[in-house]
Every structure is written in structure tokens, then in C-alpha cells.
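**Q** Chains as they are written, first to last, in our numbering: chain A, 1 to 95; chain B, 1 to 475.
Hint data in this document are derived by calculation from the structure and do not stem from the laboratory.
There's no promise every hint is true.
Unchecked claim - Under the rule of at most 27 Å between Cα atoms (straight-line distance), these lysine-lysine pairs were calculated in the DSS-like manner:
| # | chain 1 | residue 1 | chain 2 | residue 2 |
| --- | --- | --- | --- | --- |
| 1 | A | K82 | B | K352 |
| 2 | B | K324 | A | K92 |
| 3 | A | K3 | A | K44 |
| 4 | A | K68 | B | K324 |
| 5 | A | K92 | A | K78 |
| 6 | B | K112 | B | K17 |
| 7 | B | K261 | A | K44 |
| 8 | A | K82 | A | K92 |
| 9 | B | K5 | B | K35 |
| 10 | B | K390 | B | K296 |
| 11 | A | K7 | B | K372 |
| 12 | A | K41 | B | K372 |
| 13 | A | K44 | B | K296 |
| 14 | A | K3 | A | K41 |
| 15 | A | K82 | B | K87 |
| 16 | B | K333 | A | K85 |
| 17 | A | K41 | B | K382 |
| 18 | B | K382 | A | K44 |
| 19 | A | K27 | B | K352 |
| 20 | B | K93 | A | K83 |
| 21 | B | K352 | A | K26 |
| 22 | B | K93 | B | K406 |
| 23 | B | K384 | A | K44 |
| 24 | B | K324 | A | K85 |
| 25 | A | K92 | B | K333 |
| 26 | A | K82 | B | K93 |
| 27 | B | K60 | B | K5 |
| 28 | B | K278 | B | K461 |
| 29 | B | K112 | A | K78 |
| 30 | B | K87 | A | K68 |
| 31 | A | K78 | B | K333 |
| 32 | B | K410 | A | K3 |
| 33 | A | K27 | B | K93 |
| 34 | B | K406 | A | K27 |
Fair warning: this is a prediction, and the values are worked out from it, not measured in the lab.
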Amino acid sequence: MAKLTEKEISHLASLSALSLSDEQVKKYANEFESILNFVDKISKTDTLSFDMFAREIEFDDLREDEQKQSLSTSEVLKNAPKKRKEFFNVPKVVE
Amino acid sequence: MVSLKDITTIKLAEAIKSQQISSEQAVTYYLSNIKKYEHKNAVLEVFEDALLKAKEIDKKIKARESVGALAGVPFIIKDNMLCYGKKCTCASKFMEDFVSPYTATAVDRLLKQDAIVIARANMDEFAMGGSCEHSAFGACLNAVSDSHVSGGSSGGSAVAVALNMCSFALGSDTGGSIRQPASFNGVVGFKPSYGTVSRFGLVAFASSLDQIGPITKTIGDAEFVYSFLSGIDEHDQTTISLPISNSKISSLKGLKIGIIKQVLEIAQNTPNYSHFKKIIDVLKNCGANIQIIDMKEYDLALPAYYIIAPSEVASNLGRFDGIKYTKRAEQAKDIGSVYTLSRTEGFGEEVKRRIMLGNFCLSSGYYDAYYKNAKRVQKLLKNKFDEVFKSVDAIILPTTLGGAFKLNEKTEEPTSMWAEDMFTIFANLAELPAISIPNGKTADGMPLGVQVACKKLDDLKLLKIASLIGGVLNV
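Construct the entire structure; sequences and hints are all you get.
**A** And the structure:
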């Protein structure tokens, strides 16, 4: 265990929407061996008696669901690399 | 005439308000130091309107109009905090041209007190790193040495305070990113309890761990700035208000201070252990009651962090898709390549590494063993610290393993850089307040820090204890 094959690295990259050169795949495969050794203690710790989502902050003080002013469309679009009228512009996604 | 060199924020605010010095003079002084130390690369951009704002405040003060508590006081923000109409890049190519559509609450609270934001500071890309070498715009150099790192990720903010480019700066701390660079550059860095400072307008790294805090010259200044930063914010549902302090601590005598045995064992093997030991001796001489705490789970903090933080990164950075935030790969032809090529071009190495690690920890087959277990370890550590603070007022530990390391010393082996967070991560996982204060220098002159932490929401008690310790250390 604690080692990923180059194929697994390529799969992780595609899950992450990243494209890696063959050289990078090799480099990350090497690195992940030491990275997984670094974090591996966790996978071997028995902690089943603990609730993973327990948090000290209480969320019972919920606000009313009311309409409030937010950023305008033009402000939201200001940082878009491509836009048309009041829309984000993307390549065609349906045939 | 008041001297601006090394002036504290409290004194500067008084001096400006009482017209012993003008805000314009202060801004001019700090801008001249930014220019003087340009080669350190601590600042990514100076805000052109700073002098104009200073003149406006000066006019108001002269006319005896009412002004805020920080009237005319210049400050610098880490480049992951939004300020309306100004660029915010997170030191990433991805956000190179991003212009903030609104202002972060923490920044806004200072602006409402009439403080003046004069620049944005360099950092590790998206706050991932401990050396500021992962900035897409070049490393920030240490305040006292051009061949050493500034630390990170808030390296620029710490160097800016150390070299008088401002009297205080804002940083953010997810695993030590305020405290470690503060230690490396000989200044004070305070990470407040999780939830006491709004994260609204702070570009998310690991949302359950991120916390904004001040980097200052003194502990008094940390408390002063924090008094404006903290408070409930309707835009960040995790914000909580600080209980009113009922701590009656006035001296170190009888104060119960804990040292974690497992920390001590690591620290004893570091070259600068004598500095830490000296403090313990001083505290003992002052009548503090030093207790050794056995916490065998301490060693799990670092691996737990390097599962939880990357997992949150993988999700938080999913928003960078080449559609919403300024950068899209030129050659992208279809929607898939818009995502993949834009992200491949936009993100740096360390960010990609952590996104992939996060996606690994969250992927089916590994989720239970890694992410779920790490979250449970986090809860276990929280419970342990709750226990600890039943028997001690505070814990004390070194901030770092040693002084700042050399440039490029730890960039080849990612986990060697990650291990640098050994003494800081516990506070983020357990949501505790922790502060790093200067504590002497290594044999080759690099600053060192010592860290104090208290129970969650005991921030004011922590600042009081830190100031008592600082008093005997002359901080």
C-alpha cells in the first residue's frame, strides 16, 4: 500500500480536471509515495467512537429566509473571461 | 516630532489623532520603506489612492470631525482578502486580473475605523505553503536575510511589519500561516479562535480551518487590532461573539502553564531548544506552575491536517473553472478543455499537488480510511485539548522547529516543507487561539518565536498571558 501507480495518478489528475505531462505523472507518482506514508498513520488509527461531524458551533440561530440585495449581474460578470450580454459565454455543450 | 520607525499601531493612532503626525506623513514613510525593500518582494501592489485617502483623513482631523479609532493608520492586507475595486490575486496566475466586487468583512471593519489600506502582500499561492516560495509572482525574502525564506503562507505580511512597511498587517492562518512567518521575521502573529473573525471575502483555502488575524509589532497591538476585527457577521454563519473576559490574571505567579510531552520530545532534538528551555526557566522563576502533559495523540495532528485541508481545497478550488474568474486557456475548444486547460495553466505545482491529494482522500474506496478517519482524529484532538485546559491556563511551545530555512532548501521534497507545521497545526484543528511572540535569534541571527495557546474563545485571556510572558521576554 501507500503507493499509487502512474495510471492511478493520471486518473486522479482527470478527477481534478488537470492535465499532466508524462514527466509530471512520473514525478507525482514518486511524490505520492512519500505523501501517503506521511498521512498513513491516520488510516491505521481506530477512531470509530468519535463523531466526525461534531462541532462546537450551534447552528440553531438561523435567520429568516428573506430577499436581500446582492451583487448586480454586471458586477458578477466583471471578472468573467468571456461574456455575452448578461451571460457567461462558454463553448457549446449540447449538440 | 514622533518617530515613525518601529512605532506601534496604538501609538500611531494616538499620534495621528492628536495631530503630532499626519496620516500623509505616515503613509509616505511606509511607502518609502516599501520602495526601499522592493527586492524582498513582500508587496505585490501598492494602492495608488492611499495618499489621497490619508489627506482626506488629515483634513477631517484638522476640522475636528469625528473619526474612527484607527483614523489614518496605514495597513497591508494579505493578497487573499477582497477590497472593493482593487485587485486580489492570491499570488496565483489564475487570479492575476481579478478585481474584487466587494470588500472582505475583516478589511471593512478596519476601513470603518478609518484605517487606510496601502498595499497587498505576497503569499504562497492560495495560502498553500510555508515559505512564500509558492507565489506565482516570486518568493518573498526574509526580513533579516536575502538568502532565507520569509515563511508562509502570510510571508509578505510578516516581512512588511518587520521592515516598517506598515505598523500592522492582516494574515490568514490555516495551519500556521500567520504564526510561522511571524516567528521567522521576529514579529507577533495572532491566530484567533475559529469563528471570531469573519471569513467573508477571504478566498477560501480550507474553510473549516481558515482564520484571519493580525501580524503586529507588539502583543498590545494584536489585541488592539483584534478588537476591531472580531464579531458576528451575517455573511459568515460560523462567526461567534467572544465572551466578555472575566479573567483576573495579573501576574505569572501561580499561573498553570502546560507543555505537551510529545512536543517537548521533538523540540529537544532541535538546535534551538535552549531558547525554549530558557523561557521555561524564566517562567518557573516568576512563579508559574509548569506542568508536563502527556498527549500521545499529538502526533496524529499533522497527518490529519494533510488530509482534511487538501480535501477542502479540492472542493473549494473547484470553482476555478475558466468561466467565472478571469482566466481561460486560449486554446480551449470545448467545455472539458475549458476546465482542464484553464486549471492546468492557472494553478501552480503545490496547489495541483494538494488538489490531487484531496481528491484521492475523498475518492470512493479511500474516503473512509482517510477523510472520515482524519475528521474523527480532529474530534479526538479537540476532546483532548478540552481536557488539557481543565488543568492548565495555557500551553506553551516553540512556534517552529528552527529559524527560517534557506531558499530552495525544502521545495524539492513537499513533505519536508509540510513537517514544518509540526507545532502550529493543532490550534487550527482544535479551533484554539494561539499567538507567536519573538523569542531571540539563532546562532546565525535568524529570529525565533515562542507560541502560547489557550482554550477556544479564551482569546482575551491568551493575549493577557502572552503579554505577561512578553513582559519578561521584553516583547
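**Q** Hint by hint, where does the structure go against what was stated? Just the numbers, ascending.
**A** none
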